[in-house]
Every structure is written in C-alpha cells, then in structure tokens.
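Using the hints provided, position chain G relative to the given structure of chain D.
2 protein chains.
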Amino acid sequence: MSSQQTILTGDRPTGKLHLGHYAGSLAARVQLQHQHRQFVMLADVQALTDHAHEPQKIRESIYEVLLDYLAIGIDPNKTTIFIQSLIPALPELTMYYLNLITWNRLKHNPTVKLEIQQKGYGEEVPAGFMIYPVSQAADITAFKASLVPAGDDQIPMIEQCIEIVRKFNRLYKTDVLVEPKMVPSPVARLPGIDGKAKMSKGLGNAIYLSDSPDEVMRKVKGMYTDPGHLRVEDPGKVEGNPVFTYLDAFATDKTKVGELKDHYQRGGLGDSIVKKYLLDVLQAFLDPIRQRRAEFARDRDQVMSIAYRGTEVAREVANNTLLEVRGAMGMNYL
Amino acid sequence: MSSQQTILTGDRPTGKLHLGHYAGSLAARVQLQHQHRQFVMLADVQALTDHAHEPQKIRESIYEVLLDYLAIGIDPNKTTIFIQSLIPALPELTMYYLNLITWNRLKHNPTVKLEIQQKGYGEEVPAGFMIYPVSQAADITAFKASLVPAGDDQIPMIEQCIEIVRKFNRLYKTDVLVEPKMVPSPVARLPGIDGKAKMSKGLGNAIYLSDSPDEVMRKVKGMYTDPGHLRVEDPGKVEGNPVFTYLDAFATDKTKVGELKDHYQRGGLGDSIVKKYLLDVLQAFLDPIRQRRAEFARDRDQVMSIAYRGTEVAREVANNTLLEVRGAMGMNYL
Numbered sequence: 431m432s433s434q435q436t437i438l439t440g441d442r443p444t445g446k447l448h449l450g451h452y453a454g455s456l457a458a459r460v461q462l463q464h465q466h467r468q469f470v471m472l473a474d475v476q477a478l479t480d481h482a483h484e485p486q487k488i489r490e491s492i493y494e495v496l497l498d499y500l501a502i503g504i505d506p507n508k509t510t511i512f513i514q515s516l517i518p519a520l521p522e523l524t525m526y527y528l529n530l531i532t533w534n535r536l537k538h539n540p541t542v543k544l545e546i547q548q549k550g551y552g553e554e555v556p557a558g559f560m561i562y563p564v565s566q567a568a569d570i571t572a573f574k575a576s577l578v579p580a581g582d583d584q585i586p587m588i589e590q591c592i593e594i595v596r597k598f599n600r601l602y603k604t605d606v607l608v609e610p611k612m613v614p615s616p617v618a619r620l621p622g623i624d625g626k627a628k629m630s631k632g633l634g635n636a637i638y639l640s641d642s643p644d645e646v647m648r649k650v651k652g653m654y655t656d657p658g659h660l661r662v663e664d665p666g667k668v669e670g671n672p673v674f675t676y677l678d679a680f681a682t683d684k685t686k687v688g689e690l691k692d693h694y695q696r697g698g699l700g701d702s703i704v705k706k707y708l709l710d711v712l713q714a715f716l717d718p719i720r721q722r723r724a725e726f727a728r729d730r731d732q733v734m735s736i737a738y739r740g741t742e743v744a745r746e747v748a749n750n751t752l753l754e755v756r757g758a759m760g761m762n763y764l
Numbered sequence: 431m432s433s434q435q436t437i438l439t440g441d442r443p444t445g446k447l448h449l450g451h452y453a454g455s456l457a458a459r460v461q462l463q464h465q466h467r468q469f470v471m472l473a474d475v476q477a478l479t480d481h482a483h484e485p486q487k488i489r490e491s492i493y494e495v496l497l498d499y500l501a502i503g504i505d506p507n508k509t510t511i512f513i514q515s516l517i518p519a520l521p522e523l524t525m526y527y528l529n530l531i532t533w534n535r536l537k538h539n540p541t542v543k544l545e546i547q548q549k550g551y552g553e554e555v556p557a558g559f560m561i562y563p564v565s566q567a568a569d570i571t572a573f574k575a576s577l578v579p580a581g582d583d584q585i586p587m588i589e590q591c592i593e594i595v596r597k598f599n600r601l602y603k604t605d606v607l608v609e610p611k612m613v614p615s616p617v618a619r620l621p622g623i624d625g626k627a628k629m630s631k632g633l634g635n636a637i638y639l640s641d642s643p644d645e646v647m648r649k650v651k652g653m654y655t656d657p658g659h660l661r662v663e664d665p666g667k668v669e670g671n672p673v674f675t676y677l678d679a680f681a682t683d684k685t686k687v688g689e690l691k692d693h694y695q696r697g698g699l700g701d702s703i704v705k706k707y708l709l710d711v712l713q714a715f716l717d718p719i720r721q722r723r724a725e726f727a728r729d730r731d732q733v734m735s736i737a738y739r740g741t742e743v744a745r746e747v748a749n750n751t752l753l754e755v756r757g758a759m760g761m762n763y764l
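Chains D and G, in that order, give the protein sequences. Residue numbering for the first sequence follows our numbering, beginning at 431 and increasing consecutively. Residue numbering for the second sequence follows our numbering, beginning at 431 and increasing consecutively.
Pulled out of the complex, with its shape left as it was, chain D reads as follows (with noise of 0.2 Å):
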C-alpha cells in the first residue's frame, strides 16, 4: 500500500458524528488523506433508505457531519468531500448493476439480513433498503476506489461489489471496473457509555465530537463500569469496563493508562477517580475540536460551500466513469 490508491468512505447523515465514529473511522482518514486520493462521501440517499420519513433530518445532518469533518481534520484540499445525492452517475450505475445479480442473491446478503432484524422490518424492508448494498456497489465503483476502510460488518458489502465488478467487467469484456479492496477497521468497535457493545446514536449512549464540556462530564459521570466493583478497596475488572476502552482509545499516555488498569485490578482505585481522568483526556481531546467546530460553524454558507466544491471534483470523476461504463455496454449513443 505504499503506491498511492484511491480511497471511498463516508457516513449516512443522520446525525452528529461521536467518539465511536472517530476511534473506528475518522481518525484513520485524517491519515489517509496524506497518503491517498481520498473521496469521503455525505451518503444521504443511502440514509433515505431507512429514513425516507425524515429528509429535513438528514439535510441538517449533511451540515452537522460537515463540520465534524472540518472540526477533526479532514482537510477539504486533500480529501474531495461530498454529497451522494449530487452525483447523478451514482443512481444510473445502480440501475446497470441491478441487472447483474440476482434477487435471490440480495435476500441473502448477512448484513442487510441482520439489519432487517435489527430494525424490525420484517416483510415490510423498503425495496430501497433491500438494494442498498448495489447502490453501495456504485459507490465504491464509481471513483474507482480500490481501499475502502470498512468494520468487519461490512464484508458482505465488499464482496457483493467485488461479484458486481467481476461479473461486469467479465460481460462486457472490460476492465473498467475496479475491484475494491477492504481497509480494515483500525480500532474494535467503541462501546457506549452504557457498556453496550455499540456506541451508537440510537441507544443513546454517545459521546458526540460537538457535545459541550458540561454533557461530555455528565456522560462520563454516568458511565458504566464494573458492576461487581462495589468499594473502592474492592478489585475491578478493565475488560468490558467502557471506561477503561475509552482510555485506551483516546489517552496518550500509556504507562499512566497502564498504571491505572494495574491499580484498579488489585483494588484501591474508586471509579471516581478513573472517570475523573478520563474526562480530563476526553475534554482535552475534544477542547481543540469543538473550538475549530466553532470557527467553522460562523459562516453556514462556507461549509456547505466546500461540500458543493466537492460534489463539483466528485461528479466529473463519477460521470467519467460512467461514459466507460456506458461505452463498454455500447451504450455510448452521443
């Protein structure tokens, strides 16, 4: 991976980015960008796939996540940032592509299977959530990207776009397609304030880049951890104790992190204490984000500015694709 590649990745827009999108995603970008042609995408048709009821929130989440973006570092004049629903290749890729697999083939796919689960859909999934993992396809296919960072969830996904290409590039005698390869994650996934295996906005259980001072403290505050450590003298468990995986996260000093788990597995540390340090790493981790999420929070129009820029930079390379892609199908009727 030392030549440079082209990179895919990004967030549905339903809501502000957290402490778990960070450790398991965004900060890796803010590497990435130094080293690749980095496209990060704004994917609100993907979250009108299950949220088709609420667009007025996913548009304030466009803005919301863009200053996220700007606030940790991710640098607009090294990383194209921009919206899915600006990229007009993406939808008629989709609708060449779905002719390539099977019905069959997209009923059977594990994640979105579990995800039906999941939200309880039922036999009432929206056709649209169903096909996602195409439109994911078109995606990744569209800028050419060859990396795209991805938690361990989303293999299916990678693999039904990799068949996609195989099989379009093997029909149409091509090698338009590029297939992707998976980044993996470089974190295990945060857990939420609450323990549960999953920080996430809908268990309510996050720490999110733009909360204030005085919420990040209540959080941290209320956090789960061990249950069995009921008196400071008593010794407690790190493992599964949130508060100690968010140390490991995000303190930057490892021997006093390696200290405090020492200490607190023997006994003699109160909760108290460890959370009280962790909060210090939390705020000072956060102090300088939400400062810049300030700055750039002053001028609404600039940000959404350098999302259009973006989409201007991402839908040329995507419309490029898709001439090949049309050529290569002879469809190239102009």
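Note that these hints are calculated values from the structure, not bench results. Quick caveat, the model's predicted, so the values are computed rather than measured. Certain hints may be false.
It does not matter which identical chain is meant; a pair holds if it fits inside one copy or across any two.
The calculated DSS-like cross-link candidates involving lysine-lysine, where the alpha carbons are at most 27 Å apart (straight line), are [stated by the list, open to error]:
hint	residue 1	residue 2
1	K611	K684
2	K543	K651
3	K549	K706
4	K537	K597
5	K597	K543
6	K549	K651
7	K537	K549
8	K543	K649
9	K487	K597
Relative to chain D, chain G alone:
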C-alpha cells in the same frame, strides 16, 4: 378527455416493431399526438433488465424502432421521442420511490410474477427486473403523465405507480406527483401468424412493419387458418382464424370483409383466396410505411438526431420534476 393531457408511452427496443405493435399501440399514438402532449420513450434501460447480456441488440433496435415510428407517422414535431437512458432524473427518482414501497409488495406484482414464470427465471430473477415497475413509475411521473396507454396486463403497473404517487404526496405533504390514468388499448391483442394468442418476436410468428413484400407474402401464405377447413366446399370458422382477425384490423373495406366471412362460414371459399385478399390489404397498408422507412434510412445520423433533440426536451421536463420532487423532500441543497 377533451382538454389536452400528457401521455407517456413507449417501447422496449429489443427488435423491430410488428403489426401487433401497430394495432395495439402505434396507430393510437398517431391519433393521440394531435390532441395531447405525447412523450414516446425508447426504454433501453428497461430492456436491459432482461437483456443485460445484449446491449448491442438494444442499441441497434433503438435505430430500427425510431425508423418504425417515423415510417408510421409519429411526427417528431408533435411527439417527443426520447431515449430513456439519457434522462438522469429517471434512475434518481427510481431510487427515491424504492424507499416508499416494500420488498414484499414488489414480490407480489402479478404481471412481474407471470413474466418471471414465462421467462423461467425462478429464484434467479435479476434484481433489476423485479424493480422495473418502480422504474416505470419514475418514467410516468417524471413527465407528469396523466394518461398511459396500456393493455390489461399493464394494470398492475399503473396501480403500482398510483400507489407510489399517493404515498409520496402524502408523506412529503405535496402535490407535485400526478396520478396517471390508463388508456385501454383500442384493439384486442393481435394473434401471431401461427394462430397463437400473441404476435411476438420471441415466438417467431410476427409480420414486421419493415418486412419486404416477399417476406410478407411468404408469411401470409404460411398462415394458420381454421384447421377444420380441409376442402374449399367445407364451412370454415372465422373466430380464432388469424387471417380474418388481421382483415378486421387492417382492411378498410369492412363490407367486403363481412362478405368474405359469410362466404367462408357457408363454405365454398378457399383459404388461398382469403389469404390473397389479406396479402393485398397488408401490402397496401405496408407499402407507404416501407417507402417512408427507406427514405428515413438514407440518413441514419438525421434519424438519431431526432431522438437526441427529443431527449433534450424530455431531459428538461424530467429535471424540472426532479427539482420539484427534491424540493418537496427538502433536498434542494444547492
């Protein structure tokens, strides 16, 4: 229907058009273009849903079908003829509409179910084929078509479209989408020359608008008639006898057709005599069509430019609808 309405109709370009197309829809279009705003779509994207492996055939058929249109008198100054794949608003609308209907609903579309059976797809039906009713809803609504000429087998498609229109307008508190009404086909389906219920290129039983006089002669001579009419003096049946069905559809001298029917039913009228008359009728009908077709075929670029000019007009209409749709959804970001 006295006031001017908007009509959307069209064909899947998967081969030349035949007498069945003429009787079932083309003749009506020539009439309707004088009263209404008519859009005729060359549905190449829809053709790909079950012809993904032969886009070259679709490409060539676009030209042939265009020639058929012009030859029978569809007037590009009155009718907007356009190519579906060159209207980017259509796949985008399709994506939004897919979120408004369930997977389950798509699965139970009776027309699609029957077609899957006829094509022998079973579980291996392309996903694009399953969703084509939604794509049709995008076509119809993009042009705000209030009238859609269609056969009885298309009733479920119109119902699906109306369902999407109502769901969209209700959900986004708008009236931008227009409910279409079906215009029933003016004649019953034309049988094939083999007497089978449907003239179809797939069944190899069609007389094409572009067939040469010799081909038409050969096909008429070989036509299925009443299998019980063995000797000239025997009484023959006119019901289910395609020779008489074609006469009903294409002969202008209805008195003469009535006399032939009576004579045939009484006995004493040979098949060859009736076929000879049908041949005269068809040649008289097809001669001017062939002549105009040959004239247009002298300049392929000019024929294609008619479709491109129509496509420009159609693109603007569809884009305006898309802007209204995005506005209703609060997605008018720019």
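Hint by hint, here is what the structure shows:
1. K611 - K684: Classified as neither; 32 Å inside a copy, 70 Å across copies.
2. K543 - K651: Intra 37 Å, inter 58 Å, cutoff 27 Å: neither.
3. K549 - K706: Answer is neither; intra-copy 36 Å and inter-copy 68 Å both fail.
4. K537 - K597: Both. Shortest intra-copy (18 Å) and inter-copy (25 Å) distances satisfy the 27 Å Cα cut-off.
5. K597 - K543: Both. Shortest intra-copy (23 Å) and inter-copy (25 Å) distances satisfy the 27 Å Cα cut-off.
6. K549 - K651: neither (30 Å within a copy, 63 Å between copies)
7. K537 - K549: both (16 Å within a copy, 20 Å between copies)
8. K543 - K649: neither (33 Å within a copy, 53 Å between copies)
9. K487 - K597: Between copies, since 19 Å is at most 27 Å while 37 Å is not.
The structure does not agree with the numbered hints 1, 2, 3, 6, 8 stated previously, though it agrees with the rest.
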